[in-house]
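*Asks:* Whenever a hint applies, use it, and build me the whole structure from the sequences.
Here is how the chains run, residue by residue.
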Amino acid sequence: MTTSETKHETPPRALNARRAVSWVLGLPPAYYVLAILIAVAPLVSATLINPNYWFVILKQSAPLGIAVLAQSLVMRVRSIDLSVSGVFAFAIYFASSGFLKNYPPYVTVLMPIVVGLAVGLVNGVLVAYVRASAVISTLSVSAILIGVVQYMSAGRAPGSTPSWLRVLTNGNIHGLSYSVIVWLGVTVLVSLAFRYLIVGRYFRAVGDNPRAAETTGIPLARTIFVSHTLAGFLTGIAALVQVSALAVGTIKPGFDTFMNALAATILGGVTFGVDRGGVAGPFVAVVAFSFLFAMLTVFGIQEPGKLIVQGGIIALAAIIYGARTGRV
Amino acid sequence: MNIVTNFLKVPYRAGAIVLSIGTLLVILIAAVITLPGFLAPENLSNLLAQSTVLVISALGQTFVILTGGLDVSVGSIISVTTTIMTLDLPEVVRVFLCIAVAVAFGLANGYGVARLNVHPIIMTLATMGIGQGLALIILPIPGGRVPDWLSASVAGSVGPVPNSLFWLIAASLAAAWLLYRRPFGLYLFASGGNDFNARMNGVPVERTVIKAYVLSALFACAAGMFLAGRLASGDPKGGATFGIESVTAAALGGVHLAGGIGSILGTVVGAAILGIVNNVMNLANVSAFLQSVVKGLLLLALVVSQRRKTIGL
Amino acid sequence: MSMLVEMVGINKSFGATRVLSDVRFSLERGSVHALMGENGAGKSTLMRILAGVYQPTTGSVRLRGEDVSFKSPKEARLAGVSTVFQEFTLIPNLTVAENMFLGHEPRRKDGSIDSAEVVRRSRELLADVFPQLDATAIVDTLTVAQQQAVEIAKGLTSNADIFIFDEPTAALNSTDVAHLFKVIRDLKAQGKAVVYISHRMNEVFELCDVITVMKDGGWVKTAKAEDFNLHSLVATMVGRELQNFFPPRSQETGEPMLEVSGLKLHDGGASVAFSVRKGEIIGLAGLEGQGQREIMRSVVGVETARAVTVRRRAGGSAMSAVNVTSGFPNAIAAGIGFIPEDRKQEGLFLRLPIYDNIALGKQLNRNMASVAWRSVSKVREIIKSLRVAAADPGAPVGKLSGGNQQKVLLGRWLLSGVDILVIEEPTRGVDVGAKAEIYRLLRDFSDRGGAVIVSSREHAELIGLCDNILVVHDRKIVGQMPAADATEESILGTALGSSSAEDPRAVVH
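Protein chains in written order, with this note's numbering: chain A, 1 to 328; chain B, 1 to 313; chain C, 1 to 509.
The reader is advised that the hints may include incorrect statements.
[To be verified] Which residues of chain B face chain C? A partial, calculated answer using Cβ under 7 Å:
(1) 182
(2) 201
(3) 203
(4) 207
Because the hints were derived from the structure by calculation, they are not lab data. Remember, it's a predicted structure, so these values are computed and weren't measured experimentally. Backbone N, C-alpha and C fix where the C-beta goes; we use that ideal spot for every residue, glycine too.
*Replies:* What follows is the structure in structure tokens.
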């Protein structure tokens with residue numbers, strides 16, 4: 001663009017101010033929540049504004065953050081991935097059961113990613129090509145994975161995770177955990193891909209109007225397949241980071257991971273077919289969520305209270321967004 | 001009888017029910033032949049008691065799915081109901097409180113979906129969290145006592161017929177009456193079939209959708225009552241799995257998640273398949289954990305066999 | 001005699017587009033009133049106001065001498081206005097009978113729907129109009145013609161005073177049309193009033209007492225049917241100076257650029273073949289729903305035909321085959337673009353910026369992992385050359401008017417560099433001023449060495465825009481004429497002439 005053109009198109013100052021206001025008003029709810037939390041934090045407790053505390057919060061959010069990124073990929077193209085808990089359960093069990101003890105370490109590192117990718121491929125085939133319901137098929141895949149884990153473990157908790165793997169969470173650069181760096185890394189990669197690669201264009205188009213995408217010549221099924229596959233791959237990375245954060249394995253990572261992931265995605269301004277929050281929105285939402293829960297803990301609020309607050313926030317965010325953008 | 005005649009009248013709207021019934025028969029025959037204990041009266045009454053919560057919650061879920069929605073808050077409502085029934089209040093008040101809570105949840109879900117345009121999964125996920133939190137506040141750990149009459153109405157039997165069968169039949173008839181004998185039923189099918197055209201023809205689409213969510217919550221409330229009676233106590237997480245299982249049962253019974261296609265008979269059959277698979281695998285000493293694998297595969301197989309025109313949720 | 005309906009000074013705008021201006025319309029008891037005009041003249045919009053679907057921006061509607069303003073179709077129906085819409089309003093998973101009575105079902109004492117009564121009354125009604133139609137059949141399993149019959153039957157279920165039929169016969173065969181006419185005459189004899197919208201002139205003269213002509217969203221003339229003849233009616237409807245409205249036709253057309261052959265839409269059907277030359281615009285004309293849409297879509301691979309061979313000029317003079325049966329992307333790769341009739345549903349991404357919508361032209365048929373084409377200045381250039389009325393490429397397409405939206409779609413294919421364009425209903429929902437611009441843009445495209453295939457319900461548009469017209473009837477091409485010699489009558493004559501002996505149009509039974 002030439003200079004003269006730019007000059008010509010610079011709008012008057014008043015318009016700029018109005019634009020800035022409408023830009024702020026258009027931000028996903030996550031930004032408001034985080035801003036409010038940061039504003040009230042000093043009043044609640046001095047620890048909450050200690051930078052080291054923030055590093056801890058970020059470290060704890062890393063697995064969820066990556067899972068949210070994965071979820072936002074499929075929600076952009078109007079699908080959903082309910083198999084997150086299954087992938088987590090599977091990866092944690094295999095990493096902590098000792099099965100992989102006699103193999104080189106990279107097998108342990110690759111295992112969760114391969115599992116995630118395989119699950120993503122299966123989900124993608126079922127949803128995009130078989131056209132099965134995304135809710136039912138990803139849920140069934142998850143149920144199968146969890147069942148396999150529970151069958152193999154016979155209901156007992158497995159052993160401890162390999163200690164060398166914990167470096168991923170405990171190791172740090174200037175206090176910033178490696179896991180957070182991985183989280184930031186994949187977030188930047190995904191946002192660059194969305195900005196500059198064809199895949200980002202196709203995701204936006206399919207999310208906005210799948211039927212028009214097909215009539216325009218965008219490969220609809222392949223786009224949805226790719227989104228599920230990428231989401232599976234990222235979920236695998238999230239599972240790996242989760243494994244590194246655990247000392248001992250568990251066979252019940254629970255439904256919470258999934259619910260948190262979905263909540264953060266919506267709070268971050270990404271819902272079925274709407275990607276106004278971009279890649280940053282869900283990221284901010286995860287941080288806001290973790291900070292909120294930390295604060296609730298300071299207040300002495302237990303799990304039930306957190307569930308209610310979480311539900312309330314999802315509903316409120318969805319209603320505000322629904323009222324503004326038409327259909328959520 | 002309602003169920004059968006209506007199914008015969010408009011079989012198209014019942015979806016792939018023949019496939020579901022076939023699956024049920026195959027499983028039944030296999031069970032009778034291979035497991036001698038299956039037809040034993042104790043086992044059958046056990047099977048019924050185990051399946052009733054699922055059938056009742058799945059019937060409510062069917063109304064919502066027929067509109068093209070989904071209600072995952074069903075599980076939380078069941079849990080809350082069991083905890084409210086253990087509260088230290090007059091028994092009548094407990095019952096009314098349960099119903100009031102269920103109606104409130106149903107209205108919130110329905111209003112959010114129909115009026116505020118929130119996606120059903122998101123809306124009911126939010127209320128699911130709230131309901132679960134509420135249940136844990138009322139009763140942090142399983143326990144407490146429910147009214148004796150409630151336990152008796154669930155556990156007892158009239159002659160050889162276990163009481164749970166009466167619960168099951170009453171819920172099915174109520175659902176069938178609503179779906180096939182009330183204008184609401186036709187409007188439900190119309191709203192799920194094509195909501196825009198339904199509106200053009202003067203169908204009160206929004207009101208119909210809200211009613212569907214309220215009914216789903218009320219059926220979940222009834223399921224919660226039954227569960228409380230069966231446990232003779234409350235359990236704040238006792239219903240948690242039914243949010244998803246009720247959807248599974250309906251889908252197994254040929255109810256289309258896209259809306260507009262499904263039947264009461266289908267849902268009962270779907271829930272029966274799930275219940276019997278559980279029961280059979282218990283009898284055959286299949287690990288409880290492997291059952292989850294088998295159910296997952298079964299669901300996948302049935303969903304894959306119902307091909308749809310569009311890609312989506 | 002007092003009028004049953006009087007609509008005076010009706011104006012209606014959708015956003016920035018004004019579709020009706022100062023229209024009047026009145027309806028007498030015991031009469032059949034034809035509402036005539038080209039597509040886009042505003043007939044359907046006017047009738048939708050009477051039926052409560054739309055509310056007028058200004059103007060008054062009087063029913064039996066009293067001012068009314070219907071907020072919903074239901075209110076209008078309760079006031080005695082029954083409508084058979086052009087678009088189907090049926091629910092696919094309900095039976096014929098349930099659809100006919102949806103929203104006003106006969107009830108039992110306990111408030112439940114009397115399904116036996118629903119079926120009985122449906123059968124009774126159907127026996128008069130469409131005796132072969134099964135009242136308990138599910139609508140989704142019916143053919144288009146049968147669905148149209150249900151739509152008509154539905155309109156007859158209300159105990160109304162006013163019946164509006166919007167193109168009721170488009171998919172019906174002659175036996176069913178005869179049944180329908182008998183019913184309409186019965187209604188007239190009972191003192192009811194009927195509004196009849198149709199493009200079939202012979203039907204209008206056979207059935208109607210009064211004719212109102214509309215053009216470009218305005219009222220033109222109301223007179224007794226005897227006062228019109230075929231020629232004067234068409235002249236009143238078309239009425240405008242076509243020469244100024246359309247760009248000049250191409251002086252010379254070159255070698256064939258695209259050849260379609262052996263196109264079969266269904267097993268055992270006739271095969272369709274035609275070709276388009278360089279610099280040529282050809283139009284597919286005919287009655288509604290005769291296969292134009294399917295032919296267009298099969299040529300580019302958006303829909304799959306039973307069989308089709310598409311060949312285009314590749315370099316020099318050789319023709320090379322385009323494998324459209326495995327999807328539209330192959331056609332794009334071969335330089336063929338497609339613009340669907342329903343822009344909002346099938347063509348545009350309404351919430352995405354103009355930039356994204358146009359830039360897609362350079363982003364199709366690419367590997368998903370490759371870098372996407374980007375150039376704001378190039379898109380700006382296109383926006384400028386097409387005179388899209390929005391300087392900011394970042395504005396969402398959904399905010400533009402119909403004409404500007406159509407330009408965005410044209411821009412997408414211009415950017416992608418295709419030289420063959422297949423375009424359905426190029427000016428649907430486009431206001432008159434912008435129509436001329438669209439025509440000019442299409443002609444510019446062909447003059448620069450491109451080829452265009454157009455389909456349109458507005459035959460005047462095809463006559464003005466195209467070089468050659470193909471008349472489609474019953475899924476085959478029944479005639480071809482140079483557009484310069486064509487008239488609306490000659491097109492209709494060709495379409496219907498082919499069926500005078502035996503009516504092969506879609507059959508209800």
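*Asks:* Does each hint fit the structure? Answer for all of them.
*Replies:* Quick rundown of the hints versus the structure:
no. : hint : in the structure
1   : 182  : holds (6 Å)
2   : 201  : holds (4 Å)
3   : 203  : holds (6 Å)
4   : 207  : violated (13 Å)
Comparing the model with each earlier hint shows a violation of hint 4 alone; every other hint is respected.
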